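Number of protein chains: 2
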Amino acid sequence: MLKPFSDKMAGLAPSAIREILKFTADPEVISFAAGNPAPEAFPVETIGKISADIFREEPVNALQYSVTEGYPKLRKWLEDDLRKKKIFKDGDMVVITSGAQQAIEVTAKILCNEGDVIICENPSFIGSLNSFRSYGVKIIGVSMDENGMKSDELEAVLKANPKAKFIYTIPNFQNPTGNTTALERRKEVLALAKKYGIYVLEDNPYGALRFAGEDVACYKELDDSKNVIYTGTFSKILAPGLRVGYLCGDAELVSKAVVGLQTTTVHTNIWAQILAYRFVTEVDFDAHIKGLQAIYRKKYQRMADALGENLPDFIELSKPQGGLFIWATIPEKYDMNNFCVEAVKRKVAVVPGNAFNADEAQVSHSFRLNYSTPTDEQIDKGCEILGKCAKELLN
Amino acid sequence: MLKPFSDKMAGLAPSAIREILKFTADPEVISFAAGNPAPEAFPVETIGKISADIFREEPVNALQYSVTEGYPKLRKWLEDDLRKKKIFKDGDMVVITSGAQQAIEVTAKILCNEGDVIICENPSFIGSLNSFRSYGVKIIGVSMDENGMKSDELEAVLKANPKAKFIYTIPNFQNPTGNTTALERRKEVLALAKKYGIYVLEDNPYGALRFAGEDVACYKELDDSKNVIYTGTFSKILAPGLRVGYLCGDAELVSKAVVGLQTTTVHTNIWAQILAYRFVTEVDFDAHIKGLQAIYRKKYQRMADALGENLPDFIELSKPQGGLFIWATIPEKYDMNNFCVEAVKRKVAVVPGNAFNADEAQVSHSFRLNYSTPTDEQIDKGCEILGKCAKELLN
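Going down the list, the sequences are from chains D and Y.
Residue 760 in this note's numbering is what sits at position 370 of the first sequence, and the numbering runs on without skipping anything.
Residue 564 in this note's numbering is what sits at position 174 of the second sequence, and the numbering runs on without skipping anything.
Check before you lean on any hint, since a few could be wrong.
One copy or any two copies: either way a pair holds, since identical chains are not told apart in the list.
Computed list of lysine-lysine pairs in DSSO-like fashion (alpha-carbon distance at most 27 Å, straight line) [stated by the list, open to error]: (1) Lys528 x Lys585; (2) Lys393 x Lys584; (3) Lys393 x Lys585; (4) Lys778 x Lys466; (5) Lys540 x Lys393; (6) Lys412 x Lys463; (7) Lys553 x Lys528.
Derived from the structure by calculation, the hints contain no laboratory data.
On a predicted model such as this, the values are computed, not experimentally measured, just so you know.
Taking the hints into account, I'd like the entire structure generated from these sequences.
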């Protein structure tokens, strides 16, 4: 008889989204369930050219072992770029990770003992929630209004949970709601984090993909102490298959994260790091970002229009100013899961909202829609099907 | 006042090898301290060509998100290859990891609670030991003779430690000793693992790099139950910068590892996985491996000859039949650390043996030498310096 799994991992199931994504293996299914960047947003030719340059000019650099902290030139570029954005401050350090999710996971690892508490927006990104669960941490979700996490509820949670280690937040175009936390709310949340002596882990994968409205200052920018840990990624601005993200924060904390990374991936694929560095320095990066924003603006508008045309008015839709997702909420008297199951039977996949709850058993009346991955035709047809489905089921 | 680090990570320091490697930033220092494959072993042109093919033929596949389990074609190739080698068995599963060390780390994560015990060869690979330490696990080292881990000592440890979860072993050309565990010893260790109901985690990064003697059956091959978990890597047979390794074992266990990977890197850089797959299927892979063996045979012989010429006879040297390392042991009356410090002052870096001990405070009289990274000229000159150093210090 072999030994059982560790307590922290024994109960952790595969992401619920994957169960939905199984249906999307059927080529007839239109998937609004993914979180993939638009494939047309990949600068394929430029990446191919840069990769060829790398293998012509510095093949051994791109193939040999490298340092855990990350490719020095890319770290330096990030440091300068983040300093310009007032995110990187004196005493800070940047480390490259294999995607932002590794940055989030290693932060939980270095800060949390089993039984500790992490506070997040409810709902929140399931990948991060599962990272936290994998360390036997208790997750407490704080409800949101249109301005973000409710600060009065947050303070009650902080008072009741002295073992809270950090507040996890996606302030811009949140996954799954598309919600952006208002500036005043950010200040309130940060003040509470300082009052109760805990960190804020700010996850900003979509920040550059703003297609409407004005940028709001990051938590990291607003922080005048060492309370905020910031993560970003090249997944949505270059390509997610590269798995290049980063962690930025107080050097002592980030150095401990390096020790953690050293015990696992050792370093991030070095070709991908060199590629990212050459990309941001060799192309007109600002123009590239503007191009992405235009793609996502168009995609979002296409889906918003199609949903507006097809869905009954009583289904509430979030109005993201960037990012990849729309959050749809049906009236409480209907069964959201039943709606999602019926939709996938009719070959349109969306993600049931409870997958994103801190407590998955908590009932949700919402579902998540992604507009970045499907084609325009799929958006039109899928929304038409959802509309018919809604009219038949929700009446 | 911010919260402290987690208990499991608070005491974990950066790898001791890194302290030595700092000296090797000095271009005048000849480093025998690394564990890098020989750069001339990288099939640079072929990799460049395959990469160009990928970006011409399937750029989006190489840039978009992929599945956590790994690139299906590579997994299938590994499954077939490992089945041929009697390593993959019915009911097994292969998952791709971001280097073998991630496979090792995630195995510790899914199996171990804090306070559990992992048993290893003493000395052993520091990267793995630090992975285990990062989960608050107690590591117990078992001494080795020329045939591997001593089985009587192993049984005593197993009896005394009911919380032992697995035995970690590098059976071929072990890091750091270069030692290969004899077939009979493997059978004894496996029988003990079965008797006490614990896993064997078999780490085989160097197995293909045999340049003398005959292959010995893997633990995984010898196992007729589900006791052995096997990890391999493309780091030493293709390129370590790619960070492509894998875990092979019982499907239930490997599925749990997938859940663990999903919470961190999500998936391994997909370009690197496609590259590895195309490489093993498009080139004459057996001929490539034979070429590597020839390179390492020559490198090893060069260093063995140079050490034989320069070092006093009372320094014992291991005689690896493959891999990257020679283990040197000086008489007990001398101070090994002092010798290593003096050597690095004279611009030759080696790794003090205690870095590899389960308990780093335990005195060691050995140091590790690497012959794969230095050039022939550096091998000759470095051994000459070590010889002079030994003659002056050890007398």
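Now for the hints, and whether the structure bears them out:
Only within a single protomer do Lys528 and Lys585 lie at most 27 Å apart by alpha-carbon distance; the minimum there is 21 Å, versus 37 Å between protomers. Proximity of Lys393 and Lys584 under a CA criterion of 27 Å is satisfied inter-copy only: 11 Å between copies versus 43 Å inside one chain copy. Taking the shortest Cα distances, Lys393 and Lys585 sit within 27 Å of each other only across copies (12 Å), while inside one copy they are farther apart (44 Å). In the homo-oligomer, the alpha carbons of Lys778 and Lys466 never lie at most 27 Å apart, since the shortest distance is 53 Å inside one protomer and 42 Å across protomers.
For the identical chains of this complex, Lys540 and Lys393 are inter-copy neighbours only, at 23 Å across copies versus 44 Å inside a copy, given an alpha-carbon limit of 27 Å. Only between protomers do Lys412 and Lys463 lie at most 27 Å apart by alpha-carbon distance; the minimum there is 18 Å, versus 40 Å within a single protomer. Taking the shortest Cα distances, Lys553 and Lys528 sit within 27 Å of each other both inside one copy (10 Å) and across copies (25 Å).
When each numbered hint is compared with the structure, a violation occurs for hint 4 only.
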